Each structure stands twice: as C-alpha cells, then as structure tokens.
Amino acid sequence: MMTRDDAQQGGQPRSTPLREVHERLGASMTDFAGWLMPLRYGSETAEHRAVRGAAGLFDLSHMGEIAVTGAGAADALDYALTGQPSALAPGRARYTMICAPDGGILDDLIVYRLADTEFMVVANAANTAVVLAELAERAGGHDAQVQDQTSDWALVAIQGPHASRILAPLTSIPLDGVRYYASQPAVVAGRPVLLARTGYTGEDGFELFTGPADAEPVWLALTAAGGADGLRPAGLAARDTLRLEAGMPLYGNELTAKLTPFEAGLGRVVAFSKPGDFVGRVALAERAEAGPVQVLAGLTIGSRRVARRGHPVLWDGGAAGTVTSGAPSPTLGVPIAMAYLDPAVARQAETDAGGPLAVDIRGTAEPARLVSLPFYHRPR
Amino acid sequence: MTIPAELHYTAEHEWVSVDGTTASVGITDYAQRALGDVVFVSVPAAGTRVTAGEPCGEVESTKSVSDIYSPVTGEVTEVNGDVDDDPGLVNSDPYGAGWLMRVQLDEDEGEPSGLLTADEYAELTAEQED
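Listed in order, the protein sequences are those of chains A and B. Per the numbering used here, numbering of the first sequence is gapless, rising by one per residue and ending at 380. Per the numbering used here, numbering of the second sequence is gapless, rising by one per residue and ending at 1130.
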C-alpha cells in the first residue's frame, strides 16, 4: 500500500518552509529538482570555508522522506534495497542504494531504523517519485506500508567542527551519546525533532528532521546560538564543493542507472550475504565477479582552469574516460574532479604518478594527477 | 546592481572605458553576480591583437566558466596582474580594481561601434532578470 504526496502546483517549483528566511538573508535562489532552493547567500567559497572551519546551516527540506512500516517492513527493505536494513538496530542508519533488476542505480539513500517495524528512507529530491513507486511495488508481497512523508518533514542540517558545541545547549539529549549514523528523537529549541548524526560534507554534523512549522524556529535558534562560533547559512553551491572534496558521489553525476555500485567503488553497499533474494542480486553478482566496467577516480588539475562534468580524460593523448564532477577546491587550492576511467588506464595511472594523464578542458589538454579519494579528511 | 553611467557595455556583459586611443575592459557587476566567486581569469597577453566581438579569454568561477568577448579591436597593452593574484577583485570591484585588460585601439577604427550605453545595458539586464 502506498500513499502519495502531490503538493506541487503545476509547473512552479515547490517552496520549503524556510523560503522566507532565505529571502530575508538575500539568498540567490535556484530551481533544483522542482524545489526553490538557496544556491548561495553571498560568497559560496566563504560558506564552504565556514563549514570546514566553524559550521554551516543548510536547508535540505527538498530531500524525500518515505516511511516504510509494518511487521514486514524490514524484510521488504532487504528485498527492495542493496543493503540489509533488517540488520540495523533501532536508532541506527545506513547509506545504501536502490537498484534496477539489471543492477543500475536508481538512487542512493540513507535508511534510518526508527523502531523495530518503522523505517525512514531518505531519497534525493530528483528521485523521490521513482523511489516511492519502486518501494511500493517491491513491498507488495510483504506486510508493509509505504508512505511518502516528504511534505510532513523539513530538514535543517548543521555541519562543521563547531556543530556539536552550537547545537548542544539547545538540545534535550547529550550529543556525545549520538554516534555517527545514529538517530534519536530529541527536542531542539523547544521543538520535537528526529536528530541524526549524518551529513554530506565530510565534517561532523547533525541533520534535524522537523515538522514544517518548526523549521524556522529551529533555524533561527541555531542562527542566534551559533553566530559567536562562526555559524553561517550555506547553500547548494557550497554543499556541492564540500561533498566533492569529501569524495562523496552525487546522483546524476557519479551514480546513474547505467552504472552499478561497483563502478563507483561502493560495492560495500551490496550485502550479498543477506538471506533471501533482492532486486538486482543476479546482475550485481555478475558485475562483482567480472569487475567494474569503469573505475571512479579522483583527479587534481595542474592548472588553474577547472575540469567540469563531461570533459574528456586523456592518457597519453588518447581517450581514457570522462569527468563526472569538477570544481575549484577551496581547501586544496587547486581544481579537483571525479572521473570515470577505463580500468586499465586507472591501473597504469595508479602505478605511474607522473604519467601522461590530462583533462581536455575546452580544447586544451591540462595535466592531471590521480589522487586517492577522499580529497579531504577531516582532522580527528 | 551597479551600471556606471560613464562606461559603455556589450550584450555579453563586458564594460569598456575609452580614454583617447586606449580602452580599458572588464566584466560588469551583473556578470560577476551571475558567475559567483571568480577563481581564475584568462586574458590575452600584452602584444596580442583582439577583435571586437571575438572571444579573447575566459572567466572561471566556482560553478561555471564564461568566455570574455573583446568589445574593441586593437592590441592588448596591459593586463591586470592583481586579478591574477586575487581573482576575487572581479567580484568585489568589477569596474575598478577588477579591470582585466587595456587595449590600444587601431588608428583607423575610430570610435568603437556597437557598444551599449548605460541605459541600454540597464534595459537589457532588466529584461534578462525577468
């Protein structure tokens, strides 16, 4: 059984509950996957640096939240997804994927187990409808309900080394007790939230799932509490450069329906050992055996010109792959990129650090170096 | 958004200031806002010829890269080394410290043609914002 959420007014992007806050802050807004979102508030580089050095505050209310509940929910998700949500203890979460029968990636997800028979699947905004439809269909043979709760949730994220110290005084539970990829109900600034220690920046941080009416009070309370510690609002532009530095894939760039988790170097999300069948098992097992058809690699560029999605990667002047994401890296001070490479070239480039690797940036071959992902590790 | 009245403009969002036979060129406030944080500017080296309407360089920002089109025809005499060290000058002071190149206009070309006045550029950008 599935219930569907159709709040979109014909053609116009949807607003989040924080739209007026963004407008007051002078944000440049953009239509992202049908949602009106803040791209940046001022300088996206300053916002990126704030997250690395202090903390950033993000509106992520465009993400999809799908509730999967019932006695058969765990089994339904084990069948529907590549991972094994049934193995999660209540209060734990896991990064996973949903694949097509041919092994192609339909979305990357975080699944939160809220209780024995209650799960929340968080999907990318652009894929929420597809994920909802697939989960509903795949749950068909199980005692499970699938419900789109996207309109019932807003999502405010605070990310950065100061996130914990800023959030702690406003929160009803001790944050030290919340492990990475754990979630708990809590009260923040007097409002009930689902508090999760998850994020997409490579920093420590928290994602706060709130009711729509509570998003603004929570945002404002964090803003007031965090100013002295360097908290700044951060938009989607900074979110993209932060995740890129952290080596995290973006659906539509590094993850597509034409690729399996193995090409992205994320074979760990496929739990072949779980009992029972799951969608894509056979195709994924074949790919695991045969090896990936392309290999995801990190590159730094040896010029100031920036490699961007779609730029060809060259080895000794010959075609060797394609850039999937690229941007100037504020932390590294050079342009960085992720690219899919021919596996043979990836092996050669790994053993030959000074080898003839280049990216064709608008007609000029700029030298590149293969580097291990992630580009950035947060200091521990 | 600033559009100094004394400058001239192109539809590709460059500004030009002509002093005798020397033109100074940069990109407009509209352009720098659209681009976001500028990380690198490439303009032709001193001694290179440029032709009005032809691409002659690029401005690289966090999210994108844009071509720079020369508004005038002549020879580049000077490029702004400060922008090379601090590309953010293009964002913070696009008409002043963020100037990009100076061009010696060809003698027989006369006044550069096809340029927009500040009012015309204001109209153009107002339309584009809608």
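It is worth saying that the hints were derived from the structure and are not from the lab. There's no promise every hint is true.
[Stated by the list, open to error] Straight-line C-alpha distance at most 25 angstroms; calculated SDA-like pairs for lysine to any residue:
1. B:Lys1063 <-> A:Arg14
2. B:Lys1063 <-> A:Tyr41
3. B:Lys1063 <-> A:Gly42
4. B:Lys1063 <-> A:Met248
5. B:Lys1063 <-> A:Val371
6. B:Lys1063 <-> A:Gly363
7. B:Lys1063 <-> A:Thr300
8. B:Lys1063 <-> A:Gly252
9. B:Lys1063 <-> A:Ser15
10. B:Lys1063 <-> A:Arg304
11. B:Lys1063 <-> A:Thr364
12. B:Lys1063 <-> A:Thr30
13. B:Lys1063 <-> A:Ala126
14. B:Lys1063 <-> A:Val334
15. B:Lys1063 <-> A:Ser43
16. B:Lys1063 <-> A:Lys274
17. B:Lys1063 <-> A:Arg19
18. B:Lys1063 <-> A:Gly26
19. A:Lys274 <-> A:Thr171
Owing to the predicted nature of the structure, the values given are computational and were not obtained by experimental measurement.
Consistency of the hints with the structure:
In summary, the hint linking Lys1063 of chain B to Arg14 of chain A is supported, as the alpha carbons are separated by about 23 angstroms, within the 25 angstroms threshold. For a cut-off of 25 angstroms, the pair hint linking Lys1063 of chain B to Tyr41 of chain A stands: about 15 angstroms separates their Cα positions. Between the alpha carbons of Lys1063 of chain B and Gly42 of chain A the distance comes to roughly 14 angstroms, so the proposed pair stays at or under 25 angstroms and holds. Straight-line distance between C-alpha atoms of Lys1063 of chain B and Met248 of chain A comes to about 18 angstroms, which keeps the hinted pair within the 25 angstroms bound.
Note on Lys1063 of chain B and Val371 of chain A: the hinted pairing holds, with a Cα-Cα distance of about 22 angstroms set against a maximum of 25 angstroms. Distance restraint check for Lys1063 of chain B and Gly363 of chain A: the Cα-Cα separation of roughly 19 angstroms lies within the 25 angstroms cut-off, and the hinted pair is therefore satisfied. Straight-line distance between C-alpha atoms of Lys1063 of chain B and Thr300 of chain A comes to about 17 angstroms, which keeps the hinted pair within the 25 angstroms bound. Restraint check: the Cα-Cα separation between Lys1063 of chain B and Gly252 of chain A comes to about 16 angstroms, which is no more than 25 angstroms; the hinted pair holds.
Restraint check for Lys1063 of chain B and Ser15 of chain A: satisfied, since their Cα atoms lie roughly 23 angstroms apart, inside the 25 angstroms limit. The suggested pairing of Lys1063 of chain B with Arg304 of chain A holds, with an alpha-carbon distance near 14 angstroms, which does not exceed 25 angstroms. Proposed proximity of Lys1063 of chain B and Thr364 of chain A is supported: the alpha carbons are some 19 angstroms apart, at most 25 angstroms. Straight-line distance between C-alpha atoms of Lys1063 of chain B and Thr30 of chain A comes to about 13 angstroms, which keeps the hinted pair within the 25 angstroms bound.
Using a Cα cut-off of 25 angstroms, the hinted pair Lys1063 of chain B and Ala126 of chain A holds, with the two alpha carbons roughly 20 angstroms apart. Proximity of Lys1063 of chain B to Val334 of chain A is assessed by CA-CA distance (about 14 angstroms); at most 25 angstroms being required, the pair is judged to hold. A C-alpha spacing of about 12 angstroms is found between Lys1063 of chain B and Ser43 of chain A, which places the hinted pair at or below 25 angstroms, so the restraint holds. Note on Lys1063 of chain B and Lys274 of chain A: the hinted pairing is violated, with a Cα-Cα distance of about 42 angstroms set against a maximum of 25 angstroms.
With a C-alpha separation of about 23 angstroms, the suggested pair Lys1063 of chain B and Arg19 of chain A falls inside the 25 angstroms cut-off, and the hint holds. In summary, the hint linking Lys1063 of chain B to Gly26 of chain A is supported, as the alpha carbons are separated by about 19 angstroms, within the 25 angstroms threshold. With a C-alpha separation of about 37 angstroms, the suggested pair Lys274 of chain A and Thr171 of chain A falls outside the 25 angstroms cut-off, and the hint is violated.
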